[in-house]
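Peer 1: Next come the chains, spelled out residue by residue.
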Amino acid sequence: MESFKNRDIISIRDFSKKEILYILEVAKKFKNKPHASLLKNKILASLFFEPSTRTRFSFESAMERLGGSVISLADAKASSSAKGESVSDSIKIVEKYCDVVVMRHSLEGSARLAAEVSRNPIINGGDGANQHPTQTFLDLFTIMETQKKLGGLNVAIVGDLKYGRTTHSLAYALGMFGAKLHFVSPTALRMPKYVTHELKKMKAKYAEHKHPEQIMPKLDIFYATRIQKERFPDQLEYEKVKDVYVITNKLLTKVKKNFKIMHPLPRVNEINYEVDETPYAYYFEQANNGLYVREALLALVLGKA
Amino acid sequence: MKKEQPPRAFKVYAIKNGTVIDHIPEGKALELVDLLNLRKWKKIVTVGIGFSSKKFGKKDIIKIENKELNPEEVNKVAIIAPTATLNIIRNFKRVKKEKLKIPETIEGILKCPNPACITNHEPVVTKFYQEKNTSLHVRCRYCERYFNQDEIEIIK
Numbered sequence: 032m033e034s035f036k037n038r039d040i041i042s043i044r045d046f047s048k049k050e051i052l053y054i055l056e057v058a059k060k061f062k063n064k065p066h067a068s069l070l071k072n073k074i075l076a077s078l079f080f081e082p083s084t085r086t087r088f089s090f091e092s093a094m095e096r097l098g099g100s101v102i103s104l105a106d107a108k109a110s111s112s113a114k115g116e117s118v119s120d121s122i123k124i125v126e127k128y129c130d131v132v133v134m135r136h137s138l139e140g141s142a143r144l145a146a147e148v149s150r151n152p153i154i155n156g157g158d159g160a161n162q163h164p165t166q167t168f169l170d171l172f173t174i175m176e177t178q179k180k181l182g183g184l185n186v187a188i189v190g191d192l193k194y195g196r197t198t199h200s201l202a203y204a205l206g207m208f209g210a211k212l213h214f215v216s217p218t219a220l221r222m223p224k225y226v227t228h229e230l231k232k233m234k235a236k237y238a239e240h241k242h243p244e245q246i247m248p249k250l251d252i253f254y255a256t257r258i259q260k261e262r263f264p265d266q267l268e269y270e271k272v273k274d275v276y277v278i279t280n281k282l283l284t285k286v287k288k289n290f291k292i293m294h295p296l297p298r299v300n301e302i303n304y305e306v307d308e309t310p311y312a313y314y315f316e317q318a319n320n321g322l323y324v325r326e327a328l329l330a331l332v333l334g335k336a
Numbered sequence: 330m331k332k333e334q335p336p337r338a339f340k341v342y343a344i345k346n347g348t349v350i351d352h353i354p355e356g357k358a359l360e361l362v363d364l365l366n367l368r369k370w371k372k373i374v375t376v377g378i379g380f381s382s383k384k385f386g387k388k389d390i391i392k393i394e395n396k397e398l399n400p401e402e403v404n405k406v407a408i409i410a411p412t413a414t415l416n417i418i419r420n421f422k423r424v425k426k427e428k429l430k431i432p433e434t435i436e437g438i439l440k441c442p443n444p445a446c447i448t449n450h451e452p453v454v455t456k457f458y459q460e461k462n463t464s465l466h467v468r469c470r471y472c473e474r475y476f477n478q479d480e481i482e483i484i485k
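Read top to bottom, the protein sequences are chains A and B.
Converting from the first sequence to the numbering used here requires adding 31 to each position, the first position being numbered 1.
Converting from the second sequence to the numbering used here requires adding 329 to each position, the first position being numbered 1.
Please keep in mind that the hints were generated in silico from the structure rather than gathered at the bench.
Note that beta-carbon positions come from the ideal geometry of N, C-alpha and C, so glycine has one too.
Warning: the hint list may mix true and false statements.
List time: in silico BS3-like cross-link candidates among lysine-lysine, alpha-carbon distance up to 30 angstroms [stated by the list, open to error]: (1) B:Lys440 with A:Lys231; (2) B:Lys426 with A:Lys211; (3) B:Lys422 with A:Lys36; (4) B:Lys387 with B:Lys425; (5) A:Lys193 with B:Lys387; (6) A:Lys232 with B:Lys396; (7) B:Lys396 with B:Lys425; (8) B:Lys428 with A:Lys232; (9) B:Lys428 with B:Lys440; (10) A:Lys285 with A:Lys271; (11) A:Lys260 with A:Lys234; (12) B:Lys461 with B:Lys371.
Some chain A residues well away from chain B (every beta-carbon gap over 12 angstroms; in silico) [stated by the list, open to error]: (13) Arg44; (14) Lys224; (15) Lys288.
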């Protein structure tokens, strides 16, 4: 296994199964035991050229909890990027002020380019519709935490599978570990061919469904995502499907004991609030896990774990 | 009685030194001429379109006098015309015959068709990874998307 020190975290493709499991193991250690001064004297530059609340807070909190400090772009509109500075120039300047950079940018491949010009490690906090690897790691961590394994599980990924970038990398990673995938979506928002093409290449098992009811009894994980009204070319089409993908207690009458519901959040109306009280709701714990996974990644790339 | 015309001895004359690109898919020859910038090549270039081919039915041929292609040019030919063969001619003799292969990584030749890809916004040398052997099917190193032959554009 390649050392994690100074490595960039750009795309889930860059990691082997063994490396992913190692990251999850380190994250578990951080969840069990705080390390208040591990990253003392280390500085994280938090460059969110695009607005983000949860990912940014989670990264900044992770750095502070490990005793490091954070320099941050207060408002992307006020940055030099808004004045037309290129990503590569911004990174060349900022990397000198810090030890590690986390960035989000609307252009796809921006984090890969940043990693090429920076001597310090770059962590991708989302590059347009392409990758958001730390989300994938925290999703995998949560599945592992609740199911004790990744292979052989029945995982439904539900909602907007066409535009939802988290669903693409999650499907890729779970396919790698041999989970059985169930893609549940309206026809207009099906999993894109380039994702299923990769799943076929790695001989991953997957099936497509329009409704979740029938598969509920065999599922271990139900990964819900937001269906955005504006994604539908025909608003009538949206009205027809919007309620099919809402989880209520009624849908949960025949599920397995170990069944858990996940969601990358924010939710709008995909999960009814009544579900929050059931033992199946795990989305807030999932969001919380983001903290430990990001602590682990920061410590790893800075050579402290 | 009028004598019957003999069959044409040569459809295209042999060249003394240079490169013959044979088995080009029909209709692709002119695209290759532009791509290799051959209109500006000061020596003779012969372009043949619609020759019969046992293998493909029809084919195009290009003969470039006094020029041997460099590796980057060879890659360009492979991308446009993966079925082509390359013959190097020295003193009327074929000294090398090469079947083309699309390279595993293609640097700086293709333009990423994804408008949201960073390579279309900043001065970055594009890089694609070839997925198949037979036809062009590539993945962009940056935006990580897949593209087929009919989607991709070549940087001229």
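Peer 1: Each hint: holds or not?
Peer 2: Here's how the hints hold up against the structure:
As the CA atoms of lysine 440 of chain B and lysine 231 of chain A are separated by approximately 27 angstroms, the hinted pair is consistent with the 30 angstroms bound. With a C-alpha separation of about 49 angstroms, the suggested pair lysine 426 of chain B and lysine 211 of chain A falls outside the 30 angstroms cut-off, and the hint is violated. For the hint pairing lysine 422 of chain B with lysine 36 of chain A, the CA-to-CA distance comes to about 56 angstroms; that exceeds 30 angstroms, so the pair is violated. Under the criterion of a C-alpha separation no larger than 30 angstroms, the hint pairing lysine 387 of chain B with lysine 425 of chain B is consistent with the structure, at around 24 angstroms.
Distance check on the hinted pair: lysine 193 of chain A and lysine 387 of chain B sit about 41 angstroms apart at the alpha-carbon level, beyond 30 angstroms; violated. For a cut-off of 30 angstroms, the pair hint linking lysine 232 of chain A to lysine 396 of chain B is broken: about 41 angstroms separates their Cα positions. Restraint check for lysine 396 of chain B and lysine 425 of chain B: the C-alpha separation of about 14 angstroms stays at or below 30 angstroms, so the hint holds. For the hint pairing lysine 428 of chain B with lysine 232 of chain A, the CA-to-CA distance comes to about 27 angstroms; that is within 30 angstroms, so the pair holds.
The hinted pair formed by lysine 428 of chain B and lysine 440 of chain B meets the criterion: a straight-line CA distance of about 25 angstroms does not exceed 30 angstroms. With a C-alpha separation of about 25 angstroms, the suggested pairing of lysine 285 of chain A with lysine 271 of chain A holds against the 30 angstroms cut-off. As the CA atoms of lysine 260 of chain A and lysine 234 of chain A are separated by approximately 33 angstroms, the hinted pair breaks the 30 angstroms bound. Using a Cα cut-off of 30 angstroms, the hinted pair lysine 461 of chain B and lysine 371 of chain B is violated, with the two alpha carbons roughly 36 angstroms apart.
With a cut of 12 angstroms on Cβ distances, arginine 44 of chain A falls inside the contact zone with chain B, its closest approach being about 7 angstroms. Not every CB of chain B lies more than 12 angstroms from the CB of lysine 224 of chain A, the least distance being 8 angstroms, so the non-interface label is violated. The Cβ of lysine 288 of chain A lies farther than 12 angstroms from every Cβ of chain B, with a closest approach of about 38 angstroms, so its non-interface assignment holds.
This entry does not satisfy hints 2, 3, 5, 6, 11, 12, 13, 14, going by the numbered hints stated previously.
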